[in-house]
Amino acid sequence: MSSIAESLVKTMEKQTQVRAARRQRAKITNQVMNGVFWLVAAIVLSALLFVLGYVVLNGYSYVTVKFLTGSDFATGIAPQLFNTLYITVGALIPLFVIGVSAAIYVSEYARQGWFLNILRFASDTLTSVPSIVIGLLGFLLFVTNFGNGPRWGFSRAAGILALTILNLPWMLRAAEDALRAVPKDFREASMALGANKFQTVTRAILPAAIPGLVTATLIVAGRIIGETAALIYTSGEAGPTAGWFTLNPFFAGDTLSVHIYSLFADNPTTGAYQGRLATAVLLLVLIIVINGTARFLGQRLHQRFSGKKA
Amino acid sequence: MSKAQIQQADSAARLAGSGKFSLKKLFDDSATIYFTICALIVIATLLLVYVNIGSQAYQTFTQWHISLTNLFTSNNWDAVNNFGLKANFSGTLMLVILTVFISAPFSVGMAIFIAEIAPNWIQAPMRGAVELFLGIPSVIFGLLGLIVVVPFVRNVMNSLAGAYLYNGYGIIAAIIIVTFMVLPTITTISIDAIRAVPREIREGSLALGATRWQTIRNAVLPAALPGVMTGVILGVTRALGETVAVAFVIGGAEQFPFTVNATAPFIHFSNGSDVLTTLLLFNFKEATNNTPLYSVLYTISFMLLIISAIMIAISRYFASRRVYR
Chain A
4 MSSIAESLVK TMEKQTQVRA ARRQRAKITN QVMNGVFWLV AAIVLSALLF VLGYVVLNGY
64 SYVTVKFLTG SDFATGIAPQ LFNTLYITVG ALIPLFVIGV SAAIYVSEYA RQGWFLNILR
124 FASDTLTSVP SIVIGLLGFL LFVTNFGNGP RWGFSRAAGI LALTILNLPW MLRAAEDALR
184 AVPKDFREAS MALGANKFQT VTRAILPAAI PGLVTATLIV AGRIIGETAA LIYTSGEAGP
244 TAGWFTLNPF FAGDTLSVHI YSLFADNPTT GAYQGRLATA VLLLVLIIVI NGTARFLGQR
304 LHQRFSGKKA
Chain B
1174 MSKAQIQQAD SAARLAGSGK FSLKKLFDDS ATIYFTICAL IVIATLLLVY VNIGSQAYQT
1234 FTQWHISLTN LFTSNNWDAV NNFGLKANFS GTLMLVILTV FISAPFSVGM AIFIAEIAPN
1294 WIQAPMRGAV ELFLGIPSVI FGLLGLIVVV PFVRNVMNSL AGAYLYNGYG IIAAIIIVTF
1354 MVLPTITTIS IDAIRAVPRE IREGSLALGA TRWQTIRNAV LPAALPGVMT GVILGVTRAL
1414 GETVAVAFVI GGAEQFPFTV NATAPFIHFS NGSDVLTTLL LFNFKEATNN TPLYSVLYTI
1474 SFMLLIISAI MIAISRYFAS RRVYR
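From first to last, the protein sequence lines are chains A and B.
For the first sequence, the positions run 4 to 313 when my numbering is used.
For the second sequence, the positions run 1174 to 1498 when my numbering is used.
Chain B with its partners taken away, still in its complex shape (with noise of 0.2 Å):
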């Protein structure tokens, strides 16, 4: 039979059966509207949280009368009258880029051992040791910045400054744990991108003489670059939206992470500053509603959420641009 009988006959046999009832078939198509529902669903949760959060977001500019650029200029947070972000503006943008500038070497660097170096024996423990330190919770992180990392800060700071200057709170311990916690996510994914670069690559580049470190540098690691930069992007978004650590050790305080002057030690880190996302958790206690702040926590959200977006935009470019997965 030719293909054009084979379809003939096919749809002939479909009329055949459309006419009748069949229990089959109902099932058939509900469980295809079901399963559709169901990933409609997906849909309409990120609607509800980007319509109800923005639905308060902008009640700051409609009801209150605050200008986005007021919100950004001004950095006086007295959470009643004045809501200026730009302390804690800074505070999250120091955060997030210096954790990632120091765990994205690192997390690449272990990415490489456990993908390429390592040997056989070894790569399987410590994949599961990494992925074990994924899960741990940012609680547990938080604690142990608080008894460990705080103290720590606070003796090597004051010891650098030759005073008792610092009572170790704030953005270099909220750095040190958030390091600690970002890392396992970017290993996670490099380790995925390096594996996914096929052997001939590398085995082309052996071949021409080259060392193991230059096949690394000059073949596995070009070929590998968009799956480790997504993780990198990864990471930036859990450095932006990590709550509950950076709480336990930035000291909550509405200052700039440091101000930079004449006197001694010339940058003097603040004891105790505050990160966008920290701020929403202390403040939102005391906010009730139809308080300007009130609103201003929810925009402050929104910004969350528009940030988040546009680092996501950003991975699945380069996520796009991959050529092995």
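Same shape as in the complex, but just chain A (with noise of 0.2 Å):
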């Protein structure tokens, strides 16, 4: 009798070590993985601070008044920043117009169902298309007229419409989410007051949501000035060198991006290196400017709906 309780408790005391170092065990693993995220976060901000060190460290020297305002190919940059600036106010302008009124449909008009379902994939399945594609959907249908002889020619106009597809999507969530972060009372109290749905969103909704589509729109704007894959055969990747300083739609020109793009295929080793550093300085620190304005802004609506800090 007694060696079966002695046992017993051999049993269970061993029960207790295996517990107390699985337990140990369980700490050291968790200390040695709280270490590797450490690390793994390390790595990934070094990556990023590498990147825009590098380019702003060696890149910044070349940023001169000459190379800001002269027009030659490889060391002026003036026409690429009035394309860029015509490119992306006039690509915003649809996309604003429309992207908006699309959100407003699904936020505020749409029911659940069969058509919202379309639309929601519809708007997904747009933003997996990839730039290049639409590119070359841009040449088919703005440059030339489905290939059989010219349309516009590569234009800006074609640059432009080409951007509009490709962003639509984005513009379109990004308004939705600035809608959505309206809060409900918003819809209620003007409903309550006797207004109907239109009277509602002009008044009471947009309004409100003013911020946060400026957040959408400048999020799409960055977008606009770092694409390049959408540009290429729209709006051209040659540098103009003369007569650039117009509204006209049907000119053609690169932006920023394509610039870099085509001082590198223009001479893929050597040629142009200040050149493309110091338009990579230029088009980093105004996605930055840009970035960080919609990310302020975001930060402040969320402040002022909800009361709380993000």
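Hints are computed from structural coordinates only; laboratory data are not their basis.
Just so you know, these numbers come straight off a predicted model, no measurement behind them.
Be aware that one or more of the hints could be misleading.
Claimed, not checked - With a straight-line cut-off of 25 Å between C-alpha atoms, the simulated SDA-like cross-links for lysine to any residue are:
| hint | chain 1 | residue 1 | chain 2 | residue 2 |
| --- | --- | --- | --- | --- |
| 1 | B | 1458 | A | 154 |
| 2 | A | 30 | A | 20 |
| 3 | A | 187 | B | 1200 |
| 4 | A | 200 | B | 1259 |
| 5 | B | 1197 | A | 190 |
| 6 | B | 1197 | A | 201 |
| 7 | B | 1197 | A | 198 |
| 8 | B | 1259 | B | 1429 |
| 9 | A | 187 | B | 1429 |
| 10 | B | 1198 | A | 208 |
| 11 | A | 187 | B | 1203 |
| 12 | A | 200 | B | 1458 |
| 13 | A | 69 | A | 228 |
| 14 | A | 200 | B | 1201 |
| 15 | A | 200 | B | 1194 |
| 16 | B | 1198 | A | 30 |
| 17 | A | 187 | B | 1496 |
| 18 | B | 1198 | A | 202 |
| 19 | B | 1458 | A | 195 |
| 20 | B | 1197 | A | 195 |
| 21 | B | 1259 | B | 1274 |
| 22 | A | 17 | A | 31 |
Given two chains presented individually in distinct reference frames, assemble the corresponding complex, making use of the accompanying hints.
Shown next as structure tokens:
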């Protein structure tokens, strides 16, 4: 009888020991994994800092007044700056009008059902289309007449339309987020006062969503400025050297991003090293300023509606 | 008043108003129509893309009598008569698979760090940094690849091979560059997926005596997995569609990314290969209308469209499996 009790005590002791060892092991694994995650984060962050640091440190000294105002292909950037501005603003207008309206439909009018499902599927599928394919589509529809002879030729208008197609689903999604961030109370209060749907949208929801819509527009603007592949075969990769200071939409010309590529395609190994880096610095600074502003506004909006910090 | 009475009164009021012309109602109705049309434009845009690319794509088969099997099984590409895509297709496949396999663990690790482990004060700045990373244009990645990654790959591979065999251009450099580009895409979506897991799940696990890592591995990650997978699939579409960044470092030659034979380093990486997207970019310049090349390039575009659409269908499947959002 006593031997049974003894063995029972022994097994229990052993079990406790096993448990303690397991617990110890789990604690060690926890510490190790903690270290691994810190390491991963450090690696990724240093990669980012490297990208930014390398471009800026190597390129900033080439950004001179002469470079900013000159219009020579390899040593001046003025036509590209103008084209970037032109194409960005040009594409944002149709994007804003169609994107925000479609977002209003999705967030205010649509009922759950097959139409909304198709719309969401269409928008998701459109986001997945590779930008070079949109470039070839733009070439087909706007630059040439379905391949048979010229339509507008390489032109800013073709680039603008290609970018509109490319960014429409992104604008829709960003604008929808902005509209959904407006609290439900706004809609209910407006409806309760006897306003109809249209009045509710234009007088209650849109004014409240303006900061969010500005954020959405800025995010899309950042995407447009960074886009290259969709523009190479629509607005063209050639850098104009004269006559570019015009509002003519059928004028061809490269943007900052395309310029980096065309300097590369022109002479892959050595040519215009300085011009490429300096353009890259300008592009990076532009993108960071735009995205930073978008983020700042987004946080302000979040604070305004939720009353707490992001 | 009962509910039925209210409804009756309501419909009576509507009837009374319906006959009268009202500017307010006209605006309301036309606005509804206008917003619906704008939503239809989004669907129409997708159709525009598919129909127009498709209408050019099918001419490869009807007008030039190049068979689909020929495209996939031949690796002879001369851009005039022979359009074998085997080498480019394997390039794309290798790029997408390796890129996603390398960057997914880092991205998910980064997302776990930001959402679960990092102290509060660094969470917001780190998220900002990842979003900044996401916004960097692909040309800049390409340029960096050309200036930094290509020489790096050249030096490392030649010193490993013990002879000057490689110029640094090719699939390896492309994989390195695209890995960095896919990373923030997967990370941001994974952060959202992990954040969406409710606190109760974590608290329950911790209350049972689990350590933080056990909680992450056994409770949080399984709950967030569908969301994380959505991010991974979107990473695949980004790697698949990436053109310009790859164009800077791929070298542009229609050959297999690597060959295997019995001599010294056994796996010989090609000095320059191509993927489907860069094939489009490099060859479209020379393509003129009414040539087989022109049609074949649109066929490749259509293939990319189809693959991307399949990827989106998969990611939507994972999204529909999400319990927490």
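Checking each numbered hint in turn, tell me which of them this model violates, lowest number first. 4, 9, 12, 16, 19
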